[in-house]
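Chemist: In case you want the letters, here they are:
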Amino acid sequence: MNASIIGQMAVSGALMGLVYALIAYGFQLTFATSKSINFGQGELVMVSAFFSLTLLNLGVPYWAMIPGGLLFGAIMGLVVERAGVRLALEQKGEGWILLTIIIGLFFFSAAENIWGRDDRPFPTPISADPIHVLGVDITRLELSVAVGVLAIMGAIELFKRRTLLGKAFEAVSADRDAAELMGISATRTVMLSYGLSGAVAALAGILVSPITTVGPTMASALILKAFSVAVVAGLDSGFGVVLIGMFLGALESLASFYLGSGWREAPGLVLLILALAVRPTGVFGKTIIRKV
Amino acid sequence: MKRILLLRGAELLVLAFLGTIPLLVVNPYALGLLTLLAIYGILLIGLDVTVGYLGQVNLAHVAFLGLGAYAAGLAVTKFGLGMGPALLAAMAVGLVLGGLLALPALRLEGPQFALATLSFAALSTTALNELEHLTGGAQGLSLNRPPVWGHALTPPLFFWLCLALLGVVWLLMRNLLASQWGRAFEALRDSPIATDAMGVGTYRHKVAAFALGSSLGGLAGGLYAFNFQYLQPQSFTYDLMIILLLGVVLGGRKSLWGAFVGATVIVLLPNLLSNRLLFQVFSGLGFAGALAAGLRGLVKKTARPFQALAPGIAMGLLVVGGLFVENTEDWRKAIFALMLFSVVVGLPEGLMGFLSLFLAKLFRVPHAPLPEPSDIEAILPPRTADGSPLLVIEDLKRYFGGVKAVDGLSMTIKSGAIHGLIGPNGSGKSTVVNVISGLYTPSAGHILLRGVTLPSGSLYQVSKSGVARTFQNLQLFAELTALENVMVALKGVYRSPLPLVLLGLARKEESQAQADALCLLDLIGLKDQALTKAKDLTYGAQRFLEVARALARKPDLLILDEPAAGLAHPDAVQLIEIIKRVHQRGISILLIEHHMDVVSELCDTVTVLDGGKVIAEGTPDEVKRDPKVVEAYLGQPPQTDLPGEPSPQPA
Numbered sequence: 001m002n003a004s005i006i007g008q009m010a011v012s013g014a015l016m017g018l019v020y021a022l023i024a025y026g027f028q029l030t031f032a033t034s035k036s037i038n039f040g041q042g043e044l045v046m047v048s049a050f051f052s053l054t055l056l057n058l059g060v061p062y063w064a065m066i067p068g069g070l071l072f073g074a075i076m077g078l079v080v081e082r083a084g085v086r087l088a089l090e091q092k093g094e095g096w097i098l099l100t101i102i103i104g105l106f107f108f109s110a111a112e113n114i115w116g117r118d119d120r121p122f123p124t125p126i127s128a129d130p131i132h133v134l135g136v137d138i139t140r141l142e143l144s145v146a147v148g149v150l151a152i153m154g155a156i157e158l159f160k161r162r163t164l165l166g167k168a169f170e171a172v173s174a175d176r177d178a179a180e181l182m183g184i185s186a187t188r189t190v191m192l193s194y195g196l197s198g199a200v201a202a203l204a205g206i207l208v209s210p211i212t213t214v215g216p217t218m219a220s221a222l223i224l225k226a227f228s229v230a231v232v233a234g235l236d237s238g239f240g241v242v243l244i245g246m247f248l249g250a251l252e253s254l255a256s257f258y259l260g261s262g263w264r265e266a267p268g269l270v271l272l273i274l275a276l277a278v279r280p281t282g283v284f285g286k287t288i289i290r291k292v
Numbered sequence: 001m002k003r004i005l006l007l008r009g010a011e012l013l014v015l016a017f018l019g020t021i022p023l024l025v026v027n028p029y030a031l032g033l034l035t036l037l038a039i040y041g042i043l044l045i046g047l048d049v050t051v052g053y054l055g056q057v058n059l060a061h062v063a064f065l066g067l068g069a070y071a072a073g074l075a076v077t078k079f080g081l082g083m084g085p086a087l088l089a090a091m092a093v094g095l096v097l098g099g100l101l102a103l104p105a106l107r108l109e110g111p112q113f114a115l116a117t118l119s120f121a122a123l124s125t126t127a128l129n130e131l132e133h134l135t136g137g138a139q140g141l142s143l144n145r146p147p148v149w150g151h152a153l154t155p156p157l158f159f160w161l162c163l164a165l166l167g168v169v170w171l172l173m174r175n176l177l178a179s180q181w182g183r184a185f186e187a188l189r190d191s192p193i194a195t196d197a198m199g200v201g202t203y204r205h206k207v208a209a210f211a212l213g214s215s216l217g218g219l220a221g222g223l224y225a226f227n228f229q230y231l232q233p234q235s236f237t238y239d240l241m242i243i244l245l246l247g248v249v250l251g252g253r254k255s256l257w258g259a260f261v262g263a264t265v266i267v268l269l270p271n272l273l274s275n276r277l278l279f280q281v282f283s284g285l286g287f288a289g290a291l292a293a294g295l296r297g298l299v300k301k302t303a304r305p306f307q308a309l310a311p312g313i314a315m316g317l318l319v320v321g322g323l324f325v326e327n328t329e330d331w332r333k334a335i336f337a338l339m340l341f342s343v344v345v346g347l348p349e350g351l352m353g354f355l356s357l358f359l360a361k362l363f364r365v366p367h368a369p370l371p372e373p374s375d376i377e378a379i380l381p382p383r384t385a386d387g388s389p390l391l392v393i394e395d396l397k398r399y400f401g402g403v404k405a406v407d408g409l410s411m412t413i414k415s416g417a418i419h420g421l422i423g424p425n426g427s428g429k430s431t432v433v434n435v436i437s438g439l440y441t442p443s444a445g446h447i448l449l450r451g452v453t454l455p456s457g458s459l460y461q462v463s464k465s466g467v468a469r470t471f472q473n474l475q476l477f478a479e480l481t482a483l484e485n486v487m488v489a490l491k492g493v494y495r496s497p498l499p500l501v502l503l504g505l506a507r508k509e510e511s512q513a514q515a516d517a518l519c520l521l522d523l524i525g526l527k528d529q530a531l532t533k534a535k536d537l538t539y540g541a542q543r544f545l546e547v548a549r550a551l552a553r554k555p556d557l558l559i560l561d562e563p564a565a566g567l568a569h570p571d572a573v574q575l576i577e578i579i580k581r582v583h584q585r586g587i588s589i590l591l592i593e594h595h596m597d598v599v600s601e602l603c604d605t606v607t608v609l610d611g612g613k614v615i616a617e618g619t620p621d622e623v624k625r626d627p628k629v630v631e632a633y634l635g636q637p638p639q640t641d642l643p644g645e646p647s648p649q650p651a
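These protein sequence lines are chains Y and E, in that order. Read in order, the letters of the first sequence are residues 1 to 292 in the working numbering. Read in order, the letters of the second sequence are residues 1 to 651 in the working numbering.
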């Protein structure tokens with residue numbers, strides 16, 4: 001076994017890991033404002049990818065398709081928020097977990113019937129030719145994933161820090177009641193977070209589709225790993241998800257090489273259960289003081 | 001008597017009915033459905049323990065079904081075991097793996113718990129697929145139903161075996177869930193902190209509940225293996241998990257009947273979907289029902305508009321979709337989703353939750369009679385209060401980062417005293433209580449109870465040592481009745497080991513517990529509302545119930561954390577009365593309070609905190625006049641005393 005193959009696997013894996021990080025970031029956005037996450041986020045990634053593919057097939061150019069796909073993702077995110085999360089939180093309790101699972105299931109079934117059960121290629125103008133960097137081959141496609149992920153995360157973080165609306169977002173995350181007393185509508189902020197989260201999921205779908213192809217089950221493996229990343233990193237650290245995402249991506253790439261491809265999900269799942277056992281708030285998460 | 005006749009009668013009737021079907025109808029297909037019904041019944045009863053009683057979304061149950069099935073299958077094919085041992089192996093796999101998963105996972109709540117169980121399920125599917133030399137991987141595993149005592153098990157015999165096992169599981173679970181164990185499961189769903197503080201180990205019960213539910217999943221898996229005689233990892237995936245959740249939620253949580261109804265629905269669903277007419281009839285009925293309930297909710301204003309209409313919209317989609325879609329089978333998942341959605345939103349208590357209210361009224365099922373209250377002398381025998389030091393706190397410190405919430409507190413509570421602890425907001429009173437009761441670990445210092453160091457950092461251990469507390473922000477078990485709230489905490493009554501409880505041989509201590517709890521409710525004047533759910537009590541009554549529940553611990557020291565907070569005047573007067581009654585039993589009390597009138601009337605000694613330090617101690621009158629106390633409360637140093645002028649008093 002030589003070092004360059006290991007290096008190659010680790011780098012490709014880490015770049016894929018950025019997609020997990022992006023989806024996990026979508027969880028963080030909604031968790032911050034409403035302490036809830038969309039368990040059907042994977043289906044959101046998938047339907048957005050299918051929708052984007054349809055746009056491409058209708059003749060919309062690639063770069064014009066991206067905003068369309070993001071908008072669709074955002075709208076779907078709002079649907080989940082209204083029909084799943086808000087409905088359940090109004091009744092109080094953990095019902096939102098079930099409801100978001102259910103809505104995801106509905107999306108899945110709809111996609112199966114509208115777009116078919118087969119995997120389809122997703123055309124992209126970005127070439128898959130490798131470029132040679134430091135003894136490792138990286139394709140432009142993989143690089144575009146990294147750039148896309150970091151760009152949207154950077155943009156959202158800037159939005160949260162620099163704009164008034166973004167500061168409202170941070171205020172609701174910090175203390176919902178206090179923010180409401182200051183005249184910020186928590187409901188709207190939660191809606192905003194779900195919209196953003198949906199757009200982020202759509203981008204993840206658009207970025208990853210050229211590599212994985214598009215199909216109803218494209219996100220079922222992705223989402224498990226995104227869950228792992230979100231939980232291991234902690235549900236409140238944007239920086240953490242990037243780090244853990246790349247780490248996990250590299251780890252599973254090596255695991256599938258050494259243990260066989262059937263085991264590629266295993267490291268993430270084991271890591272998740274371990275992390276929950278040792279540090280339930282995540283490696284980069286804040287510890288919570290229990291109050292009575 | 002009428003109650004027992006009705007309830008047990010219904011159970012026996014259904015069991016006998018199901019049992020005689022194979023004698024009357026010779027139809028292999030129907031028999032297959034019935035067998036599956038019995039198996040799913042066991043499976044859902046197991047799932048209901050976590051989803052219903054613990055109130056957590058458990059996505060790993062399907063994994064235990066699969067692991068149990070493979071365990072039984074391998075026991076037969078690889079080790080040549082008989083059916084009995086194979087089923088035991090399946091249960092053991094569920095129990096052990098469930099316990100192992102529970103150890104880390106149950107420190108988690110809500111979404112994290114769901115994620116951990118989801119990961120476990122995915123991991124077990126991976127393992128079943130990849131361990132090809134053992135499981136045959138995706139190729140599947142074929143097995144034969146081993147004969148029992150030399151007799152081959154024909155389908156009707158196998159069905160009766162499954163039905164008998166369902167009956168046994170039903171009986172054992174009914175006994176367990178009606179006992180202290182079942183109450184503890186529900187209590188820790190409503191308030192884990194209070195469950196620990198009442199000396200009922202939260203963690204232990206959670207792990208036990210999860211392992212128990214998982215072992216039932218394993219048992220069902222074993223039966224599943226012998227029923228189909230062919231296993232594939234793909235059978236035990238997320239899709240089936242959703243269907244199982246549909247079963248529990250639709251049937252009704254926290255109910256054996258609910259699990260049974262849910263299992264019936266699951267078993268009949270495929271038939272419902274394949275028959276067009278049947279599907280349209282049922283979706284139409286569902287739509288009408290959902291719409292009627294929604295409109296009723298709108299008119300009565302019990303639900304918000306969207307909440308009331310959402311189930312109707314979902315069922316409407318189902319009806320409209322049913323007209324346009326060519327093949328309902330293709331839309332199976334969407335149909336499940338719409339049904340499940342309507343149930344979760346529109347019928348959160350499930351079919352049985354809804355029906356049981358209706359049936360109870362129809363047949364006028366009376367509540368089981370309560371025993372006579374015990375004698376207070378027996379439950380809280382008067383103690384001699386000799387004024388010796390009971391609780392000694394030495395140089396206690398608790399820092400949160402840079403915040404010194406408690407900074408070198410020393411105080412002594414004498415046995416038989418009512419000791420007040422007062423101070424302005426943020427002075428560290430609540431932190432002191434939380435450190436003594438074990439919620440927080442002290443940063444430094446010692447706490448001694450009768451000269452013995454009090455365990456630190458564990459509500460459960462402290463509670464076991466004889467300190468009980470109430471909570472400023474009520475931590476009642478909302479879904480339990482007032483009586484059950486007290487019964488959960490009751491100390492020294494539940495002695496029967498688990499096997500006896502399962503066999504239903506612990507009824508005597510159960511009625512003893514009821515009698516004792518009633519006596520304590522009598523003490524606080526809530527005996528007449530013993531069967532009211534805690535969440536339906538008035539605010540004042542809830543505060544009193546906290547006191548009764550803490551008393552059930554029969555404590556040496558009772559800590560009352562702002563018991564009068566938010567009480568109206570008549571309630572406050574009653575509270576003073578109750579505290580006096582408790583004090584007469586010789587129980588020492590640490591009273592944290594804002595209301596000066598309450599403190600003045602009750603306390604022998606008062607300690608005043610400010611900035612985490614003791615600034616004064618003495619009788620209520622003394623501390624009221626202490627200039628430091630006045631300064632702490634009014635925020636202003638008193639003007640230099642002019643001779644003859646009285647010093648100002650705190651408001």
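No wet-lab data here; the hints were simulated from the structure. This one's a predicted model, so the numbers in the text were calculated from it and none came from an experiment. Keep in mind that a hint or two might mislead.
[To be verified] Taking CB as the label site, the calculated pair distances span: (1) 450/E x 278/Y: 20 to 26 Å; (2) 278/Y x 580/E: 48 to 54 Å; (3) 180/Y x 389/E: 46 to 52 Å; (4) 461/E x 133/Y: 39 to 45 Å; (5) 278/Y x 306/E: 37 to 43 Å; (6) 323/E x 119/Y: 28 to 34 Å; (7) 450/E x 187/Y: 27 to 33 Å; (8) 4/E x 262/Y: 21 to 27 Å; (9) 367/E x 163/Y: 44 to 50 Å; (10) 162/Y x 296/E: 48 to 54 Å; (11) 154/Y x 597/E: 55 to 61 Å.
[Claimed, not checked] No more than 27 Å apart at the CA atoms, straight line, and that leaves these computed lysine-lysine pairs for DSS-like: (12) 535/E x 491/E; (13) 286/Y x 404/E; (14) 508/E x 286/Y; (15) 535/E x 35/Y; (16) 491/E x 580/E; (17) 554/E x 535/E; (18) 397/E x 628/E; (19) 554/E x 613/E; (20) 613/E x 527/E.
Even glycine gets a Cβ: it sits at the ideal position worked out from N, Cα and C.
Chemist: Look at each hint and say if it fits the structure.
Modeler: Verification of the hints:
no.	hint	in the structure
1	450/E x 278/Y: 20 to 26 Å	violated (37 Å)
2	278/Y x 580/E: 48 to 54 Å	holds (49 Å)
3	180/Y x 389/E: 46 to 52 Å	holds (48 Å)
4	461/E x 133/Y: 39 to 45 Å	violated (58 Å)
5	278/Y x 306/E: 37 to 43 Å	holds (41 Å)
6	323/E x 119/Y: 28 to 34 Å	holds (31 Å)
7	450/E x 187/Y: 27 to 33 Å	violated (54 Å)
8	4/E x 262/Y: 21 to 27 Å	violated (54 Å)
9	367/E x 163/Y: 44 to 50 Å	violated (59 Å)
10	162/Y x 296/E: 48 to 54 Å	holds (49 Å)
11	154/Y x 597/E: 55 to 61 Å	holds (59 Å)
12	535/E x 491/E	holds (23 Å)
13	286/Y x 404/E	holds (20 Å)
14	508/E x 286/Y	violated (48 Å)
15	535/E x 35/Y	holds (24 Å)
16	491/E x 580/E	holds (22 Å)
17	554/E x 535/E	holds (24 Å)
18	397/E x 628/E	holds (21 Å)
19	554/E x 613/E	violated (31 Å)
20	613/E x 527/E	violated (41 Å)
Against the hints set out earlier in the document, violations occur for numbers 1, 4, 7, 8, 9, 14, 19, 20.
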